[in-house]
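Chemist: Residue numbers (this note's numbering), protein chains in the order written: chain A, 115 to 504; chain B, 33 to 372; chain C, 14 to 176.
One or more hints might be untrue.
To be verified - Ranges of calculated distance between the beta carbons of each label pair, as one might list FRET restraints:
| no. | chain 1 | residue 1 | chain 2 | residue 2 | range |
| --- | --- | --- | --- | --- | --- |
| 1 | C | 44 | A | 184 | 24 to 32 Å |
| 2 | B | 66 | C | 144 | 38 to 46 Å |
| 3 | C | 147 | B | 66 | 50 to 58 Å |
| 4 | B | 274 | C | 44 | 27 to 35 Å |
| 5 | A | 311 | C | 161 | 21 to 29 Å |
| 6 | B | 66 | C | 159 | 51 to 59 Å |
Stated by the list, open to error - Sample of chain B residues lacking proximity to chain A, with all beta carbon distances greater than 10 Å (derived):
| no. | residue |
| --- | --- |
| 7 | 72 |
| 8 | 176 |
| 9 | 253 |
| 10 | 339 |
| 11 | 344 |
No wet-lab data here; the hints were simulated from the structure. For glycine and all other residues, C-beta sits at the position ideal for the given N, C-alpha and C.
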Amino acid sequence: MVATTDWQKSAYIAGQAADARVNVELETEGMTLNLGPQHPATHGTLRIVVRLDGEQVVWAEPVCGYMHRGYEKLCEVRTYPQVTTLVNRIDWLGHFANEVPFILAAEDLMGIEAPPRAQWIRTIFFEMARIANITLFLGDMGVQLGAITPIFFAFRDREHVLNLMEAATGGRFHPNYDRIGGLKEDLPRGWVEEAKAAMKKMRGFCDEIEDLLMGNEIFQKRTRGIGVIPPAVGLEYGLSGANIRASGVDWDIRRDEPSPLVYDQCDWKVWTHPDGDSFARYWVRLQETREATKIVDQLLDSLPAGSIQAKVPRIIKVPAGESWVHTENPLGEMGYYVVSQGGLGPFRVKIRTPSFNNVSITPWLLRGVYVPDVITILASLYFILGDIDR
Amino acid sequence: MFGLDLTAYWATTTLKVLVVLSLIPAGAIILGYVFLLKMMSWMQSRMGPMEAGPRGSLQLVADGVKFMQKEDIFPARADRFVFAAAPIVVLMSTFLLYIVIPAGPRLIVEDLDTGIFFAMAVSSLSVLGILMAGWSSANKYSLIGALRAAGQLIAYELPLVLAVVGVVVQAGTMSLQGIVKAQAGGEIFGVGLIGNPYILTQFVGFALFLAATQAELTQTPFDMPVAESELVAGYMTEYTGFRFLFFFMGEFGTAFAFSAIGATLFLGGWYVPGVEGTLADILGPIVLGAKIMAIAFLIFWIRFSFPRFREDQLQAVAWKYLIPLSLVNIVATGILKVVF
Amino acid sequence: MAEIPGLGLFKGLGVTWKTMWQPAVTVPYPHVKEAPPTRARGVIALKEENCTVCMLCARQCPDWCIYIEGYKDKAPPRREGGKPRTVQKLDRFDIDYSLCMYCGICVEVCPFDALFWSPEFEYSEVKIADLLHDKTKLGEWMETVPEPPPLEAGAEAKKGAKK
Chain A
115 MVATTDWQKS
125 AYIAGQAADA
135 RVNVELETEG
145 MTLNLGPQHP
155 ATHGTLRIVV
165 RLDGEQVVWA
175 EPVCGYMHRG
185 YEKLCEVRTY
195 PQVTTLVNRI
205 DWLGHFANEV
215 PFILAAEDLM
225 GIEAPPRAQW
235 IRTIFFEMAR
245 IANITLFLGD
255 MGVQLGAITP
265 IFFAFRDREH
275 VLNLMEAATG
285 GRFHPNYDRI
295 GGLKEDLPRG
305 WVEEAKAAMK
315 KMRGFCDEIE
325 DLLMGNEIFQ
335 KRTRGIGVIP
345 PAVGLEYGLS
355 GANIRASGVD
365 WDIRRDEPSP
375 LVYDQCDWKV
385 WTHPDGDSFA
395 RYWVRLQETR
405 EATKIVDQLL
415 DSLPAGSIQA
425 KVPRIIKVPA
435 GESWVHTENP
445 LGEMGYYVVS
455 QGGLGPFRVK
465 IRTPSFNNVS
475 ITPWLLRGVY
485 VPDVITILAS
495 LYFILGDIDR
Chain B
33 MFGLDLTAYW
43 ATTTLKVLVV
53 LSLIPAGAII
63 LGYVFLLKMM
73 SWMQSRMGPM
83 EAGPRGSLQL
93 VADGVKFMQK
103 EDIFPARADR
113 FVFAAAPIVV
123 LMSTFLLYIV
133 IPAGPRLIVE
143 DLDTGIFFAM
153 AVSSLSVLGI
163 LMAGWSSANK
173 YSLIGALRAA
183 GQLIAYELPL
193 VLAVVGVVVQ
203 AGTMSLQGIV
213 KAQAGGEIFG
223 VGLIGNPYIL
233 TQFVGFALFL
243 AATQAELTQT
253 PFDMPVAESE
263 LVAGYMTEYT
273 GFRFLFFFMG
283 EFGTAFAFSA
293 IGATLFLGGW
303 YVPGVEGTLA
313 DILGPIVLGA
323 KIMAIAFLIF
333 WIRFSFPRFR
343 EDQLQAVAWK
353 YLIPLSLVNI
363 VATGILKVVF
Chain C
14 MAEIPGLGLF
24 KGLGVTWKTM
34 WQPAVTVPYP
44 HVKEAPPTRA
54 RGVIALKEEN
64 CTVCMLCARQ
74 CPDWCIYIEG
84 YKDKAPPRRE
94 GGKPRTVQKL
104 DRFDIDYSLC
114 MYCGICVEVC
124 PFDALFWSPE
134 FEYSEVKIAD
144 LLHDKTKLGE
154 WMETVPEPPP
164 LEAGAEAKKG
174 AKK
């Protein structure tokens, strides 16, 4: 780009001066390395610019936006069912979990409550989305660290959950199952038995991964003490989900905030870990997966009979108003701020995604870290690009 | 035949060279197919390639043909001569290893008196090739990979050599044929049935040899130089086509060679109890082949199950744990050799 | 973590050893085919006699991948002595599967049950233009539409045929 206007020229000079200042301050040439946007370690098209001194990172900055799809703008020109379809694709691994807060916000504006059976099944599917998402993380962290076997186990055992989703909703990755007032249709016969069997297999997978990867001394050497996030700093940067629970902060929206989802109907616990390093983040997510299978089991046992959809008009027009609903998604805290002006579709939707905040801590966290540890830290923070860029 | 003297030096040498040249791709393909394609797949609950040839056996041949017909690309700022020479240096050090490996009482290219010493010396030439590859690629990732590799290979040369010294002390000779004969002639507590494979007495040396071989071959858990998820392919990033094929063949050919050396040093080599003469020449390679597979199985099993060490942890393992352990091993072997 | 240093390493080796002896989970696709579940969203089938060209599906599609053209026709009166009725008939009903998101909004929204899901998924083409299925092809997919599966215990039977 040729600098023509005065502003452009001074911006260019300022950039050069900043670079020179960094070089002078550090008294080292340093190597600027681009991790991404096409790189096996970043989960998608994330670009992290790091400046290295030998093998140590001196300065790092994530550059997002390579996958921006304009969700918030799209939501302005789509109707509510269409938005539900699109929204599946924000965090594509925890598919159903993206639909739920949006639908809950719309139900809040309409003043409709879904029948109990629908809320039960919604919660079951939410937890199954969590299992599908985190299972991939458990294998993927292995790949980032060089163990190529766990990820195949992860994909193999994730199929159980995806097949269940397909049997009930028709879609493996994008169920598009939640509707304002309930769910699209009821479960097919035999689904509850299959789901219980699948949960047992997922618990078996968790045990296997614990033996194969988490108990491995090499893995522990690579992750213990790496990327420690003190709880205060984590909260400042807006971390959420397992990342902040691994730093010892006992915060879980499922338990702490009232919501139509039926988490209070079953007995489960929130897992935290005091260390705040990469190993803690892995450990917390493993325990969360086990806990999710237990929640699903309990909810399957107590599933009430009844209708799956409340009475809603055929053409849905949501009355004017604003609503904010956030939930404990697999990646962290996801929330939708829906502004409606009484139309067929929302007037404005602001989507608060967990990965955007999770990745914002990387400049602080990556200073002084070795290049292989950069990979470990990024893997342990676990962001999905669709979630960062929307 | 044709009035030529087949026992003349040039005739036998040509034959030996041809055998070795064909053995390297053959060994690479066999190891690659059995362990990389099939064993890894079964460990990961999948089937591996099944379409090319019966049960995927011709997959690597197809891969070889694919690599050969690719365009020969030089990065724009690469140093052409060094870039082209690097894979040849690596492959050359692999070829030289095969000179001293015995497959039978008379099946050896050249029975050097300094057999194992020569093998160790020649295997460290590959470090040069790797540095050349990384430096001439004009690519930051390759450079980082090459420097890591150089540090790692140099560090792990020592446990490798010192582990072998224990065997040499016990056998009393550096010649590989001599080591096989020493194991064949030995006895375990007076029972001479299977000779005395040195793995029984040199189990520490064997473990060190395996660990050091793992590092020399840059296999996980020591594969920082080719850390796939970080540096794409490390020092090999810019190589495509047949140059990449050379690196690949070098890696698996060296794995084959090191497994053979390990089998010879620790498992008794080609020795079949009670078999002598020409029969040993026929059975020897088969027996050696089986032992090679056993050791390669161990190497690849560890490769597929563990994550990788970080560079400084890798160096710490070598300098702080493996080398002292190997020195203790040598001292113990020396004492026991004198006492018994 | 482990009492004996290195125990974790051996446990890991044990897991891979054990898995090596278990059968692979891969289904070798073209030779062996797994049947997708009944509700799987493979392709959309059109029952032309039910369609009244109300255009609801084309309007609600998030991708606008349904192209509909219709014409007016006269149908015989319902009772003796009545006027002939005006009905809409389809001229063109195309679904462009290169755009389709497989969301199912069109199937759900159709008031006359003219669209159905079928789990058929093997219709890839070499040219993208061939992915535009016209109404004849969509009618052919009707043969592959399965019966809706029976519902789980505790579900309320659906009144009417709304999917």
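Chemist: A separate judgement is required for each hint: does it hold in the structure or not?
Modeler: Here's how the hints hold up against the structure:
1. C:44 <-> A:184: 24 to 32 Å: With Cβ atoms ~43 Å apart, the hint is violated.
2. B:66 <-> C:144: 38 to 46 Å: The hinted range 38 to 46 Å holds for residue 66 of chain B and residue 144 of chain C, with Cβ atoms some 42 Å apart.
3. C:147 <-> B:66: 50 to 58 Å: Holds, since residue 147 of chain C and residue 66 of chain B (Cβ atoms, about 52 Å apart) stay within the stated range.
4. B:274 <-> C:44: 27 to 35 Å: At roughly 33 Å between Cβ atoms, residue 44 of chain C and residue 274 of chain B fall inside 27 to 35 Å, so the hint holds.
5. A:311 <-> C:161: 21 to 29 Å: The hinted range 21 to 29 Å holds for residue 311 of chain A and residue 161 of chain C, with Cβ atoms some 23 Å apart.
6. B:66 <-> C:159: 51 to 59 Å: violated, 44 Å
7. 72: Violated: least Cβ distance 8 Å, not greater than 10 Å.
8. 176: Per Cβ check, residue 176 of chain B is inside 10 Å of chain A; nearest 7 Å; violated.
9. 253: For residue 253 of chain B, whose nearest Cβ neighbour in chain A is about 5 Å away, the distance does not exceed 10 Å, so it is violated.
10. 339: violated, 4 Å
11. 344: Since the minimum Cβ distance to chain A is about 7 Å, residue 344 of chain B lies within 10 Å and the statement is violated.
Hint compliance for this structure: hints 1, 6, 7, 8, 9, 10 and 11 are broken, all remaining hints hold.
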